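> Protein chains in written order, with my numbering: chain X, 339 to 661; chain B, 735 to 1001.
A few of these clues could be false.
[As the list claims (entries may be wrong)] A short list of chain B residues far from chain X (calculated; beta carbon distances all over 10 Å):
1) A760
2) E767
3) G771
4) E799
5) T870
6) D913
[Unchecked claim] List of simulated lysine to any residue pairs, SDA-like, C-alpha gap at most 20 Å:
7) B/K766 / X/R404
8) B/K766 / B/L888
9) B/K766 / X/R451
Simulated from the structure, these hints should not be mistaken for laboratory data. Note that the structure is a prediction, hence the values are computed from the model and not measured. Ideal Cβ placement from N, Cα and C applies to all residues, glycine included.
What follows is each chain in one-letter form.
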Amino acid sequence: MHPAYSIIFFTVASGAGYGLMFLLGLGAAAGTPFVERDGSGFPVALLLSLLLVSAGLVSSAFHLGRPERALRAFSQWRTSWLSREGCLAAVTYVPAVLLGVGWWAGELGTGWRFLGFLLSVFAAATVYATAMIYRSLAAVPRWSTGWVPAGYLVLGAASGAVWLAFIAALAGGQGSGFAGAAAALLVLAGAVKGGYWRAVGNLAASSTIETATGLGRLAPGARVHVLDPPHTQPNWLQREMGYRVARRHARKLRAFTWTLAFVVPGALCLGAWLGAGSGDAVWRVTVLGVAAVSASAGLLVERWLFFAEAEHKVTLYYGTRRV
Amino acid sequence: MTALPDSTQRRLGLVIDLDTCVGCHACVVHCKEWNTGGYPAPLSDADPYGADPTGTWLNRVHSYEVEAPGRTPRVVHFPKSCLHCEDAPCVTVCPTGASYKREEDGIVLVDEDLCIGCKLCAWACPYGAREFDPPTGVMKKCTLCIDRIYNEHLSDPVPACVSTCPARARHYGDLADPDSEVSRLVAERGGYELMSETGCRPTNRYLPPRSREPAATAAGNAGDGGGDGASPPVLEDAPAEGGFLGWIDRLLTAADRDPSPPPDSRP
């Protein structure tokens, strides 16, 4: 599949944003000191999450052929995961903004817990809906697996956790616990991504050029190959579904992903967690800042691969042997 | 709502005969000609006379070669357009309701005034039936020439591709009706659906090419075995009596044996 930059940026940014919201919501629901009014990075983190999510949503609109009609996408939530994603994304703004207003006013009381719970639920549901857009496409076997929603959820939570640890350290204090949680989530995310790559690596092709054309039935052992494409130049289908650049460099790019998204931020977060007592604040902020940037950069590569490595069944008609 | 109908009253679709398709692309051209001014107008082109021409087409003809052990390689021309699936995944993924399947005849359509051009329907289709049209920003697909088949003023209310096919390789009709011409063709010739493993349950059917093996062998023998090589090969397939070729055959055969005037000119 052709990796559209707008969608890569959207899924990575909104993944981190909803990851942040999920964790902030959990914090509010549990009544942790982080969300109390004084001496915390809570409003900064909430603002960043809103910024990431909004930038992602705006970016996703650039992918549309008719962005001025984007509001229509809210109508088909009963059948379409893309529509559900839009609705959930819009609804999630409500508890997020209310939490921010409540923090500013300093008067929420038990409302914290309820709003926090709502925010966590809707943030997770939005990411799940995003993942289900891909999960439900049987024409792309590498997306049509349960590893996809698992990956989107845990990758979003992990990247959100790294950014949260950075902001908490920036706000002075509280950073070490978040860094530990981020390290744990990064390990989990790495395991899920590894599981995904293992699963798609072992994927048995369900269709071949012979079943796509049905010409395998002509004789036992019949092999079909393209004699002439329909037109002299590649068409939109080939450009949209037949991307090959990243597949050629898949191994290198996976190594980049492992390093940038999991190993470097994981090690830095672990270091920040273990060295909580020692070292000065500037050092910790720097370490966690590098971890956050590295994780997001790594996830951009990961998401690029997620698209570029995915093979679409339509490519069978243009000469791919099996998908 | 982009939910699929539980069932459709009719299942209008195409039956494509891969035995007779000659790969002339006339259906492709007539499809474009009709539809760029019809329901899904326009079907845009970019750089049509330049080095890298590209454009939106609702019907394309692929050409494949089929090889099998012990067989002569076989060229098959393969037209492909929307298959108007019963479980059309392109419909249910649509976030706006622009994509829908008609309950009355099973035709899958795009309401271009509702389409936001998210392209997800094209991603969902394993057959490549839908093409995005960048200048208009919306998705295009075969309408089964909905503006032809219901037009009472046309003498041939069939899809443009069917009306134009010089090899009669394209047939249009109701595949839900077991007595329709298309259903009988499918039954007689073993019509099949493409990539049935996708579970999309396409309406369109393809008639497999007939085996050429025995015929090809016979023709080869006839061509080779010409005796001493001096006499021209006999036109074996011409009917024994009647027909222009039969007359030529008799004429030439007689002329070989006997230099006297041919039998037909005798008084």
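> Take the hints in turn and mark each one as holding or not.
Against the structure, the hints:
{"no.": "1", "hint": "A760", "in the structure": "14 Å, holds"}
{"no.": "2", "hint": "E767", "in the structure": "16 Å, holds"}
{"no.": "3", "hint": "G771", "in the structure": "21 Å, holds"}
{"no.": "4", "hint": "E799", "in the structure": "4 Å, violated"}
{"no.": "5", "hint": "T870", "in the structure": "8 Å, violated"}
{"no.": "6", "hint": "D913", "in the structure": "25 Å, holds"}
{"no.": "7", "hint": "B/K766 / X/R404", "in the structure": "23 Å, violated"}
{"no.": "8", "hint": "B/K766 / B/L888", "in the structure": "18 Å, holds"}
{"no.": "9", "hint": "B/K766 / X/R451", "in the structure": "60 Å, violated"}
Of the numbered hints stated above, those contradicted by the structure are hints 4, 5, 7 and 9, listed in ascending order.
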